[in-house]
Each structure stands twice: as structure tokens, then as C-alpha cells.
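Engineer: Okay, here's what each chain looks like letter by letter:
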Amino acid sequence: MQNIDKALSKLSKGEMELLTPEERTLLIDNLESTELNDFKEIIIQLTQAENDVEPEGRLKTELLQQFKKTKQNDTATEQKASSRFYFLKVAAAVLVLFGLGATLYFVNSKTTDEASVYIETDEFNQFTQIDQVVNEEDTMGSETKFLMSMDFFSNASVSLDYK
Amino acid sequence: MKQEFDKQQLTDEKLVVLLNKGDEEAFEILYDRYAKPLLNFFFMKLRSKEKAEDFLQNLFVKLIEKGSQFDEQKVFRIWFYTLAHNQCKNEYRSLSRSKVEYNNIEDNSLVNNWESSSERIDSSIFSEHLNLALNKLNDDQKSSFLLRFKHNFSMKEISEVLECSEGTTKSRLFYALKQLAKELKEFNPY
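Protein chains in written order, with my numbering: chain A, 29 to 191; chain B, 349 to 538.
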């Protein structure tokens, strides 16, 4: 662009001898392009005025059918996905309930076991206490017997000499 | 009836939102707005109406299936044309289509039968020549030319569709027009 400006400036000053071969070519091209530009305009106008082709009617019908089909499929897929999600939710709820039930059952059975063990221990303790009482009673009985035997010996005036 | 009127007034971006929610009418309005210009976009690039219709169908199927990927903050027209342009680009990549097709056509036969005169420019013959000339351009130059002069996109919009700078778009347009003028010189009245 700068070259053509330089060439045009030389031309306007009449300095033809100063024009380089490239600048001469540029000027010739530019002079030609005045006509060329007019022709280009004609090409553009003819291109714009060119008869257009029309799409066939069946194309619209086919595309509309495809549109309906695709949207129906999309809706079906969405419904499927939501029902699948619903089933998943139900399954999860069942699992949670089952888990809760199992936990409760486990906790409950453990308490019962503990209770029975406690009862057994209690019973055992009770029996042990009875035994202790019996033992105590036994001890007391033997002590009484001893004391009584001591009384017997004293009453019988038996003296025992220890050397 | 009132609702129908309202929907016709809605912007493309709002219609896409409705479309994603399954609104059939929104889809229909978008189809009516874009089917014809996009069919012509494909047709000018692929030079086959059947192929262009296949591409158009694929493009709208993408809109049905992946419309949710559209960012509402962006311009729908640019997003949709970017998809269309990329579809053509992939086609060219996989088949090197433009070259193969162009080479298969005896383009000179038409040119040789044509007498250069501005008065005798026949739109149908010009159209055929224009298509042939367009196919000599590379894909980006062709898209730039069609988007600018056939679909009235701004330079900025073209840059967004083709994912390049505005400067690149301008230079592509310049070279596209230069090349077209060269290819169509038989029609030059000057």
C-alpha cells in the first residue's frame, strides 16, 4: 500500500524516470483495477441476483418428524432416569430400614443376653449367700458343740494335767 | 394465535432456547429462516443440490441433537454458519472434493461458446461460470465471498465464522474477487 502511494506520488509529480520496475507494475495493475473494480461490482451484483435453489418440502416434514422423535426419546430417557432414581431411592430406603432393624435386633438381643447373665449371676450370688449362711451356721454349730463339750468336761470334774 | 405471532417476532437465540425445551414451532420458525440461505450456501460450495440437501438435513439434525450446546450469549447465525462451514471443510478434507469435481468438468467448453459482450450476459450461463470459478478458489476464499456477497455477513461476522482475523478476511475477499474477475474475464464488458 505504501509502495503504491509512493508510485502515485512520483506519477503525479511527473517523475516517471524515478519509478522502479516494481512501481511501474504496481501502477499498471492499479490502472487496470479501475475497470476491474467495476467488473467486480458486476460479479457481486450478479452473484446476489442469482436464482436461489429451494429446499424440497419433504425435507421439512422429515426434520419435523425427527425433531418429535428425538424429543420424545429425550423425555422417555429422562423419565427412565427419574424412575431408575426412584427405584434407587426405594432400594436405599429398604436397605436403611433393614440396617436399622438389624442394629435394633442386635442391640436388643445383646441386652437380653446381658440380662440373663445378670439374672444367673444374681441367682448364683443368692445361692452363694445361702451357702455362706449354712457355713456360718455350721461354724456356729461346731463352736457350740465345742463349748458344750467343754462344759461336759468341767461338770464331770475331770482335770487334765498338762506337763 | 397470539402466541404464534409472538414466536415469529422472537430472536434466533430465544427460539433455540424454546427448541431445546422441545418446542416444535420454534424449530419450524428457525427452519423457515435458515433452510433456504443455507441450502444455497451448501449448493454454491458443493455444486450438487442433492449433496446440499443432505448437508442441510445433517445440519438441522445437529441443531436438534446438539442445540443445547449453543451458548445463548452468542449469535446463533454465526454459530450455525460455523457448523455449516466446518461440515464443508470436513467434506473437502475427506474427499478433496473441490479439486476432484472441478477437474472432472470440461469448464472451457462453456467459455469457448461464449461471445464476450455485456449485452449478452445470460444469468444462467454466468451462474454456471461463476460456480466453476468459485470452485477454483480455496475453501476459505469461497466461504468469505459467499458469506459477504450472498449472505450479507459483515467482515467481523465472517471472521468469527471462519475463525480468523478481520485482516485475513479482507485479504481473502480481495484475492477471491481478483481471481473471479480473472476467471470470468469473458463477461467483462469493459
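Just to be clear, a hint being listed does not mean it is correct.
Under the rule of at most 25 Å between Cα atoms (straight-line distance), these lysine to any residue pairs were calculated in the SDA-like manner [to be verified]:
1. A:K117 - B:K410
2. B:K384 - B:E508
3. B:K410 - A:L47
4. B:K410 - A:K68
5. B:K437 - B:T516
A short list of chain B residues far from chain A (calculated; beta carbon distances all over 10 Å) [said to hold, decoys possible]:
6. K355
7. K384
8. E401
9. Q405
10. S475
11. L480
12. G515
FYI, nobody ran anything at the bench for these hints, they're computed from the structure. All C-beta atoms in this analysis are idealised placements derived from N, C-alpha and C, irrespective of residue type, glycine included.
Engineer: So, against the hints stated earlier in the document, which numbers end up violated here?
Structural biologist: Numbers 1, 3, 4, 7, 8, 9, 10 - these are the hints that the structure violates, sorted from lowest upward.
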